[in-house]
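Student: Listed here are the chains, written in short residue letters.
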Amino acid sequence: MYKTYFKQAWQLMKQNRFYSAIYIAGTGLAIALVMVIAIVYHIKTADIAPEVNRSRLLLNESGTAKKKDGSRTINYSLSYQTLKECYYSLKSPELVAASVSVGQVKRLLGDIYLSIPGSKDKYTADISGTDADYWQVFSFSFLEGKPYNTEEFESGYHKAVLTEGMARKLFGSVSEISGKSFLINDIEYVVGAIVKDISPAMTITYADLWIPFTSMPVFTRTEEYENIVGPIRAYILAHKPSDFERIRKEIEEKRKQYNTQLIDYEFTLESRPPLSQKQEAIRQIDFSSSSDEIILRYSLIICVFLLVPAINLSGLMASRMQERIPEIGIRKAFGAGWTTLINQILTENLFLTLLGGLCGLVVSYGIVLVLSNTLLMSKYSEITSAVSLSPGMLMNFMVFFYAFMICVVLNLLSSLIPVWNVSRKNIVEAIHDK
Amino acid sequence: MIQHVFKLIKTQWKNNIWIILELFIVSALMWYIVDYFSVMLITSRIPLGFEIENTYAVKIAHYQSDNPNYIDYGEDSEEPALNFLRIVDRIRNHSEIMDVSIGQWHYPYCSSNMTAGYRHDSLRVNARILYVTPSYFEMFSVHPAAGGEPSLLGEALEHGVIISSGMEEALFPGSHAAGQTILTNDSTSSYRVSAVSVPLKNHRFSRRDNYIYFPFQEHTLMGMNEENIKDNTSITFRTRSGMNEKDFASSFKAEMNTQLSIGNFYITGIIPISELRTLTLKADGVYESVQNRTGFTVFFLLNVFLGVIGTFWLRIKKRREEIGLCIAVGSSRHQVMRQMMTESLGLLLIALVPAIIIWGNLILVETLPVHTLGLTWQRFALNSLFTILPLSLVIILATWYPAWRSASIQPAEALHYE
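Chain order of the listed sequences is X and E.
Read in order, the letters of the first sequence correspond to residues 1 to 434 in our numbering.
Read in order, the letters of the second sequence correspond to residues 1 to 418 in our numbering.
Any given hint could turn out to be false.
What the hints assert, rightly or not - Covered stretches of chain E (in silico footprint by chain X; criterion: 3 or more residues with CB under 8 Å from a CB of chain X, positions within the stretch not fixed):
{"no.": "1", "region": "25 to 33"}
{"no.": "2", "region": "116 to 124"}
{"no.": "3", "region": "157 to 167"}
{"no.": "4", "region": "305 to 311"}
As the list claims (entries may be wrong) - Beta-carbon label-pair distances, calculated as ranges:
{"no.": "5", "chain 1": "E", "residue 1": "Y73", "chain 2": "X", "residue 2": "D292", "range": "18 to 28 Å"}
{"no.": "6", "chain 1": "X", "residue 1": "I342", "chain 2": "E", "residue 2": "L345", "range": "28 to 38 Å"}
{"no.": "7", "chain 1": "E", "residue 1": "N228", "chain 2": "X", "residue 2": "L371", "range": "39 to 49 Å"}
{"no.": "8", "chain 1": "X", "residue 1": "D197", "chain 2": "E", "residue 2": "Q259", "range": "33 to 43 Å"}
{"no.": "9", "chain 1": "E", "residue 1": "S190", "chain 2": "X", "residue 2": "L369", "range": "30 to 40 Å"}
{"no.": "10", "chain 1": "X", "residue 1": "K146", "chain 2": "E", "residue 2": "Y73", "range": "35 to 45 Å"}
{"no.": "11", "chain 1": "E", "residue 1": "N228", "chain 2": "X", "residue 2": "E293", "range": "33 to 43 Å"}
{"no.": "12", "chain 1": "E", "residue 1": "N232", "chain 2": "X", "residue 2": "E270", "range": "20 to 30 Å"}
{"no.": "13", "chain 1": "X", "residue 1": "Y298", "chain 2": "E", "residue 2": "L415", "range": "49 to 59 Å"}
{"no.": "14", "chain 1": "X", "residue 1": "Q257", "chain 2": "E", "residue 2": "S187", "range": "51 to 61 Å"}
{"no.": "15", "chain 1": "X", "residue 1": "E293", "chain 2": "E", "residue 2": "Y73", "range": "49 to 59 Å"}
What the hints assert, rightly or not - Derived DSS-like pairs (lysine-lysine); straight-line CA-CA distance at most 30 Å:
{"no.": "16", "chain 1": "E", "residue 1": "K10", "chain 2": "X", "residue 2": "K122"}
{"no.": "17", "chain 1": "E", "residue 1": "K317", "chain 2": "X", "residue 2": "K379"}
{"no.": "18", "chain 1": "E", "residue 1": "K318", "chain 2": "X", "residue 2": "K106"}
{"no.": "19", "chain 1": "E", "residue 1": "K282", "chain 2": "X", "residue 2": "K14"}
{"no.": "20", "chain 1": "E", "residue 1": "K59", "chain 2": "E", "residue 2": "K230"}
{"no.": "21", "chain 1": "E", "residue 1": "K253", "chain 2": "E", "residue 2": "K10"}
{"no.": "22", "chain 1": "E", "residue 1": "K318", "chain 2": "X", "residue 2": "K425"}
{"no.": "23", "chain 1": "E", "residue 1": "K317", "chain 2": "E", "residue 2": "K10"}
It should be emphasised that the hints constitute simulated quantities derived from the structure, not laboratory data.
From the three backbone atoms N, C-alpha and C, an ideal C-beta is built for every residue, glycine too.
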């Protein structure tokens, strides 16, 4: 039966080209804008390599040192000491990784230059400092070599992991370069491994180059404020998302225990408790509003984006239904039930909506690609490289699923009232119109 | 004609209700969205108070203690500060450079800033603090409020602090600040105001802000290590006019790179201040807001376009006979088209009635942000203009094709169906 509906829909579409084109364009417009929001949300929160464990990850990106009499608070991230005392010793999570972000490294060191000993060429690079478990928590694809292990990390060994792009710039090739040495701001490092390039859209892991943060004293030497805060961020991998509460509790216990050893200051997480990637993505949209406000605001925006086109399409449908009243009247006179008629019209309409959805999805890909820098990067980000997007980030089951669901919702929203109006007409009147 | 058009709209009420509903929602929302543009337009006409042509900021870095080039001067050595001042001197001595200024986060569009509260009697105000050298005012063309050359402010800086005219109004309403004393909020320090500058803004689309200028004392650097000097001091300079900023920045850096590496300091970049302006506007969300709001506006206008063109297209099919009759009894095609256009604009007019009520409510419940600009008549007028004008244009554009089609109906053919 549905096959007949689709056949009929196809015929009707061909007969009313102008109307169909306008209807498809109207649908596509709505889908395109809502899909831009959906795709951005997907890229920011879904499990995408190398951040494959986002759904199980707790982000502890800030820490506060507060004077016990309340006269002074310093908001920053964690010091190496705090990391070891309160995070590395946690029992409930599967793993704990730590890193100093690209932006933070830039703030501490200024621009960084890489070179090969003896060569005059210098290249700027986005560097991140990490620990050894970082390579377990995140899943990089290694082209060759191995990253630094725990012993190397703890001893501050000068070993680095480079992206393919950086290696090509620096050495002119990407093969057989592990073990070779190069200079970071005149300090010698050995290449440990080469990984595939990382898109700046991967906000936690993006860098051109990774080194153990213990290899540069500037990251671990934080004597002020009893060495509580520093530039380090902790990424806690839970066994499952439902463990988050338990981990937060354990951090709280560790924190209290740690504070008993401190003299004038205390370590608190009041400025930002550990968040999941989804909570963090929402927080990043607007620092000055609560996450409930942001969710409400975006739900309203999406509603308006669907409502305005829905009214638009309802208007088109209503005019169209007027034309088809005689046809519907005749079908009714021959015994077609309400459900059959409504079903048929909705299916026909869904056919047009899906075509519009497809166009809209393509347009939304275009918008995301062109505006990727503003859509996917925080406006405070220091990263200046262009955001690259892989096909997998755009074309995947979740994105298609969102698009389909939006089509169905839009279809129901736009056709329900006109169809209801038509189906109420009585047979005599309907045929009389002819 | 108008009466006739409204009669037409009324008889087709059932078909028109959808398009009127859409126009109503869109005009209500658009008024709110374009408000940002109105505020931008109005604020951008208020002078900035400074100029940044041919000015650059110097980005400085220093070797860390683990670097092979690191020189250990020992604690409390004056050598790091002297090295820093040597860099400033070498920049000053470059032939293309007119002035050099050092200060603390003092240049326009600097990403860091300090603010503190000041008071006079019971009046209190927050102001942005800038530590500057006298050359600052000439470099960025900051004039005295009373008129005269920027150099007057440079001279005044030697006798006290300089405040911006907004701060004078806030602390000394109706009188003059020059020669008076102001206190920090906790009354621990007092400062003599020696002059008042023109009103200043942070960037083109922000409101006027309060500024207070303190003299930058080079001797405060003595004894600081490289890290503290780098974190607390910035160097800016101005070149002769007529140079391409990007080219000059890179050629200057290439030329001076070795000369400006002194002690543990080295230069990592020369940034035209116009580039910092872009970053400030981005961080302040201006680009993002413009992009989002333009996107929303275009989205709504496209919807209206499709809605109107679709509705009128289906309508002329139904009204063939009527239009054919009009033409047969002597209406010109031009008149037929005009009638359809008026009809569609009439729909907008009807939709605007409830929309205006919504606009009024948006004002009454204080939904419009007033941080940058208060609720002025100018703002409402611009909002209304930015809503009604594009909507009317889009509606005319959308009606044009169906109207043209209907005007080209052959009366004989159309009436044949009757």
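Student: Work down the list of hints and note, for each, if the structure agrees.
Tutor: Going through the hints against the structure:
no.	hint	result
1	25 to 33	holds (count 3)
2	116 to 124	violated (count 0)
3	157 to 167	violated (count 0)
4	305 to 311	holds (count 5)
5	E:Y73 x X:D292: 18 to 28 Å	violated, 54 Å
6	X:I342 x E:L345: 28 to 38 Å	holds, 36 Å
7	E:N228 x X:L371: 39 to 49 Å	holds, 41 Å
8	X:D197 x E:Q259: 33 to 43 Å	holds, 37 Å
9	E:S190 x X:L369: 30 to 40 Å	violated, 58 Å
10	X:K146 x E:Y73: 35 to 45 Å	holds, 40 Å
11	E:N228 x X:E293: 33 to 43 Å	holds, 40 Å
12	E:N232 x X:E270: 20 to 30 Å	holds, 28 Å
13	X:Y298 x E:L415: 49 to 59 Å	holds, 55 Å
14	X:Q257 x E:S187: 51 to 61 Å	violated, 42 Å
15	X:E293 x E:Y73: 49 to 59 Å	holds, 52 Å
16	E:K10 x X:K122	violated, 75 Å
17	E:K317 x X:K379	violated, 51 Å
18	E:K318 x X:K106	violated, 68 Å
19	E:K282 x X:K14	violated, 48 Å
20	E:K59 x E:K230	holds, 9 Å
21	E:K253 x E:K10	violated, 73 Å
22	E:K318 x X:K425	holds, 19 Å
23	E:K317 x E:K10	holds, 19 Å
Of the hints listed earlier, those the structure fails to meet are numbers 2, 3, 5, 9, 14, 16, 17, 18, 19 and 21, in rising order.
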